[in-house]
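Residue numbers (the numbering used here), protein chains in the order written: chain A, 1 to 133; chain B, 134 to 266.
In case anyone wonders, no lab produced these hints; they're calculated from the structure.
Check the hints yourself; a few may be wrong.
To be verified - Have a look at the derived ranges for each label pair, beta carbon to beta carbon:
(1) 200(B) <-> 50(A): 32 to 42 Å
(2) 92(A) <-> 226(B): 48 to 58 Å
(3) 156(B) <-> 96(A): 40 to 50 Å
(4) 102(A) <-> 222(B): 20 to 30 Å
(5) 69(A) <-> 229(B): 23 to 33 Å
Please read all numbers here as calculations on a predicted model, not as lab measurements.
A virtual CB, placed ideally from N, CA and C, is assigned to each residue, including glycine.
There are 2 protein chains.
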Amino acid sequence: MGLTLKTVIRCADYRASRRFYHEVLGLEVLTEWDLPQGSGCTLGFGEAGFGGILELYQMTPADSRYDPAFGKPFPSDKVDLQLGTSDLAAWQARLDGVWPYEGPVTMPWPESRLKLRDPDGLLVQLCVEGAEE
Amino acid sequence: MGLTLKTVIRCADYRASRRFYHEVLGLEVLTEWDLPQGSGCTLGFGEAGFGGILELYQMTPADSRYDPAFGKPFPSDKVDLQLGTSDLAAWQARLDGVWPYEGPVTMPWPESRLKLRDPDGLLVQLCVEGAEE
């Protein structure tokens, strides 16, 4: 009964979301589609997506599940993505001048984070566990 | 620059969410906490969470990030979880009388799904790829 994880974001602008997750964050594109009902891709964590998958999908009204809310930003941080890394300084260097972020923020427990917003306003945090060196 | 995936749900009722993801869906609890600022746990996919992690966290106003929106249902399906499995019939047998679901729904591509709602109304789909037998 084992399950695999895919988190799906029904984004407002697929090209903008793809740029953020693939070009800025460097996630590997596993599959991609461009159809009348919408455009999207899956992005993998770990080797070939065995560490979980993120899907971006911009629907058009031709998809029966279409909801105008998909074209609007996330209204709260009720869901967020926390992406684990081992080197926050390297991420800062990579993001400077490329994508805005807040931090590093030291949490009340041994963890530091960079706080980003994806093109839909989804909170995406780059997290390193352990005390600062 | 490899990243790991953790999807965080800031749930309204931690015990209800824990029951759904741990008892009904069978995800393994990796860590758990009960603090003045909130209660939560991490749940793992794959071996020891190497297939990605789901976090449930019910904040109290003692957490500086608290937002009353966390106590309300998800307003749309702008984000959803798709949990891959190899045996949808086994899941139907497990869910019958335990948790409501819709389906199996055959998608326009070779995939079938059971559609569930977690206690916050988040769309959680159990998915099996490939044609029906």
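Verification of the supplied hints:
Here the CB-CB span from residue 200(B) to residue 50(A) is close to 33 Å, well matched to the stated 32 to 42 Å. As the Cβ distance of residue 92(A) to residue 226(B) is approximately 50 Å, the hint placing it in 48 to 58 Å holds. With their beta carbons about 45 Å apart, residue 156(B) and residue 96(A) fall inside the hinted range of 40 to 50 Å. One distance hint, 20 to 30 Å for the beta-carbon pair residue 102(A) and residue 222(B), is violated here, with the actual separation near 47 Å.
Distance hint check: the CB atoms of residue 69(A) and residue 229(B) are about 31 Å apart, consistent with the given range 23 to 33 Å.
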